[in-house]
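S.K.: Please model the complete structure; the sequences and the hints are all you need to start from.
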Amino acid sequence: MSRTLLRRLRLPLAVVVVCAVGLGLWLGTSGGPGYPTGTFRMATGSQSGVYALYGTLLDSAVHSELPGVDLKLDPTAGGPDNLSRIISGQDDFGIATADAVSNYSGPGKSQLRALGELYDDYVQLVVPTDSPIRSVAQLRGHRVGTGQADSGVELIARRVLTVTGLTPGRDLTAVPLGIEDAPAALEAHRIDAFFWSGGLPTGGVTQLMRQDHVRLVPLGGLAAQMDQLAQKQDGGTDDIQIYRTSTIPASAYPGSLPDKPVSTLAVANLMVTRADVPDALVERMTEVIMNSRDSIGQQVHAAQLVDIRSAIYTDPLPLAEGARRYYVSVKP
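Plus 81 on top of the position in the sequence shown (first one is 1) and you've got this note's numbering.
These are computed hints drawn from the structure, not numbers from a lab. Virtual Cβ for every residue (Gly too), placed ideally from N, Cα, C. Some hints could be false.
Each computed EDC-like pair below joins lysine to aspartate or glutamate, with the alpha-carbon atoms no more than 20 Å apart [said to hold, decoys possible]:
| # | residue 1 | residue 2 |
| --- | --- | --- |
| 1 | 190 | 360 |
| 2 | 341 | 262 |
| 3 | 190 | 396 |
| 4 | 153 | 357 |
| 5 | 190 | 368 |
| 6 | 190 | 357 |
| 7 | 412 | 388 |
| 8 | 153 | 368 |
| 9 | 153 | 360 |
Label pairs and their calculated CB-CB ranges [what the hints assert, rightly or not]:
| # | residue 1 | residue 2 | range |
| --- | --- | --- | --- |
| 10 | 223 | 361 | 47 to 55 Å |
| 11 | 271 | 357 | 41 to 49 Å |
| 12 | 331 | 141 | 14 to 22 Å |
| 13 | 320 | 169 | 43 to 51 Å |
| 14 | 120 | 192 | 14 to 22 Å |
| 15 | 361 | 293 | 46 to 54 Å |
| 16 | 215 | 257 | 48 to 56 Å |
| 17 | 119 | 230 | 28 to 36 Å |
| 18 | 144 | 222 | 47 to 55 Å |
| 19 | 230 | 210 | 26 to 34 Å |
M.R.: Quick look at the structure:
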């Protein structure tokens, strides 16, 4: 072999070696092809609510499974606020209930997409143990915490009152308190009851239950009326069910009163993003959500119900393309 030919062969060989080394470094730092990198933000909720805890645990899972991704968590007023922040670009991901999504009327709604259905929120009407209030109708004349202003709790609380025939300001005093302030206000007798809608259990309610200071008022039997009201207010169609009747098991708040299941309303939570968030990131985030179900579920018990078979049902939002790719890839 001539020296000229040998020199000609050495250059391509060197290029191959350099490329191989570079590829190896890239694979080692990014986790492999399609693994995203960068800083992204997630809107959660109030610090005492389940959204915040879920976000913290999901952030830990992202840190483990997507080492190139730095996920920042932003406390918010809840679902409607999260949707506004996602549309404006302040956040890339956030949790919101299906009714908050359906009711949202701000600009840019068409850009919202879902990674999947997570778990249900349960509507909880909390009153002191010795309260005479045994039904929603008996809230008449009382001071009622109806959730933080412009929150998902406020939306659902006002709908519950409406279908029961109660109007805030006329029939009762609505006090805009969220889960961070309502428990203390109830204990101090500044309010007589408060609404909360969240996963089970919710820390702010658990603390009151442990002290034997409160009980839950049944809310079952309102789902059909709530759906009719949602369709009227949101301009939706009757083929989408937003609310359903469910049960808060006695085990959700051990030692609470009544020491038996409580019938109530449930509404699904969705993990939401924007259409322009990179598909590769959305695909991997969806994967992390599904893979971390059991670990997150140890602290957020409702997250144990995250199911890959039902996660694709994200009405009223379409699935994000990256999420669709993930579900197709794991389809049996």
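S.K.: Does each hint hold? Answer for all of them.
M.R.: Status of each hint after checking the structure:
no.	hint	in the structure
1	190 <-> 360	19 Å, holds
2	341 <-> 262	27 Å, violated
3	190 <-> 396	14 Å, holds
4	153 <-> 357	18 Å, holds
5	190 <-> 368	25 Å, violated
6	190 <-> 357	13 Å, holds
7	412 <-> 388	13 Å, holds
8	153 <-> 368	18 Å, holds
9	153 <-> 360	19 Å, holds
10	223 <-> 361: 47 to 55 Å	52 Å, holds
11	271 <-> 357: 41 to 49 Å	45 Å, holds
12	331 <-> 141: 14 to 22 Å	30 Å, violated
13	320 <-> 169: 43 to 51 Å	31 Å, violated
14	120 <-> 192: 14 to 22 Å	21 Å, holds
15	361 <-> 293: 46 to 54 Å	51 Å, holds
16	215 <-> 257: 48 to 56 Å	25 Å, violated
17	119 <-> 230: 28 to 36 Å	33 Å, holds
18	144 <-> 222: 47 to 55 Å	50 Å, holds
19	230 <-> 210: 26 to 34 Å	28 Å, holds
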